[in-house]
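> Build the full structure now, drawing on both the sequences and the hints.
Chains A and B, in that order, are what the protein sequence lines are. Just so we're aligned: 98 in numbering that gives the first Met the number 0 is position 99 of the first sequence, and the numbers increase by one with no gaps anywhere. Just so we're aligned: 154 in numbering that gives the first Met the number 0 is position 155 of the second sequence, and the numbers increase by one with no gaps anywhere.
No lab work stands behind these hints, which were simulated from the structure alone. Heads up, a few of these hints could be off.
Below 20 angstroms or equal to it, Euclidean Cα-Cα: the simulated DMTMM-like pairs (lysine to aspartate or glutamate) are [claimed, not checked]:
1) 9(A) x 114(B)
2) 37(B) x 46(A)
3) 18(A) x 114(B)
A few chain A positions that, by computed beta-carbon distances, are all more than 12 angstroms from chain B [unchecked claim]:
4) 2
5) 25
6) 50
7) 66
8) 74
9) 81
10) 83
11) 97
12) 98
The model shown is predicted, which means the values in this text are computed figures rather than measured ones. All C-beta atoms, glycine included, are put in the ideal place defined by N, C-alpha and C.
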Amino acid sequence: MAKSIKLRAKAKDGVATVKALISHPMETGLRKDKKSGKPIPAEFIQEVVCESGGKTVLNAQWGSAISKNPFLSFKFNGAKSGDSIKISWVDNKGNSDSIDSKIK
Amino acid sequence: MNHNRRTLLKGSLAAGAVGAAVSAGLLTPKAVMAAWAKDAFEAKEVDAAMTGAMGSADATASDKIKLKAPDIAENGAVVPITVTSSIDGTTTMSILVAKNNTPLTSTYELGPNTEAYISTRVKMGKTSDVIAVVKAGGKLYSTKKEVKVTIGGCGG
Chain A
0 MAKSIKLRAK AKDGVATVKA LISHPMETGL RKDKKSGKPI PAEFIQEVVC
50 ESGGKTVLNA QWGSAISKNP FLSFKFNGAK SGDSIKISWV DNKGNSDSID
100 SKIK
Chain B
0 MNHNRRTLLK GSLAAGAVGA AVSAGLLTPK AVMAAWAKDA FEAKEVDAAM
50 TGAMGSADAT ASDKIKLKAP DIAENGAVVP ITVTSSIDGT TTMSILVAKN
100 NTPLTSTYEL GPNTEAYIST RVKMGKTSDV IAVVKAGGKL YSTKKEVKVT
150 IGGCGG
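As structure tokens, this is what we get:
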């Protein structure tokens with residue numbers, strides 16, 4: 000599950016705008032396979048955590064109603080260009096991924 | 000001996016009542032809140048989902064929360080939602096879709112420096128109210144907007 004996250008963070012006047020795009024199927028568990036008629040098992044991200052400079056900036060809990068290949072954007076204060084930023088996710092099957100980057 | 004039997008019965012009855020209250024979402028222990036809020040995400044009613052996610056279903060309508068969503072979503076599988084709150088001390092934000100099978104889509108806990116701004120994309124089964132709930136200073140505020148869906152995004 001490497002490189003599932005695309006991350007962009009830009010700082011302007013001390014406010015960082017973070018945009019993240021995660022490639023993930025986000026199956027609800029309600030859909031059925033059209034050929035076999037069997038339900039497709041649920042597979043969705045449950046938790047997304049963003050840290051910057053060692054502090055947790057955002058802790059998101061997601062249900063299965065978040066769209067496929069989820070997009071998330073948020074802002075935080077007190078950021079400057081060059082600060083470290085990390086985003087990680089965990090899904091209901093225990094898969095996870097994270098990315099380390101720097102604020103531009 | 001009889002006396003002992005009575006106390007044992009009483010004890011197990013009391014424990015049973017607490018267990019039932021926890022599973023009904025009436026009592027939410029801290030340990031459960033820290034982990035993924037399973038009850039809240041699996042709740043089928045808006046009130047139950049809000050109680051599980053935010054601790055209460057009693058929210059005051061507020062125009063200080065801006066909920067940006069399309070009036071008509073052609074594809075219910077991808078509905079862009081942006082929530083901005085200008086209420087001081089906003090700590091938690093939730094996005095719910097009233098008529099989805101499980102209304103709670105997501106909950107966001109904001110860090111001390113994080114602005115009350117979240118933008119994401121959600122699935123909608125059919126035309127429904129989208130509800131944004133914000134917790135600030137221990138109180139709940141909400142705002143909602145109807146989004147018309149032409150093609151559903153849940154199930155196939």
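> Please name the hints from earlier in the document that this structure breaks, with their numbers sorted from lowest to highest.
5, 6, 7 and 8
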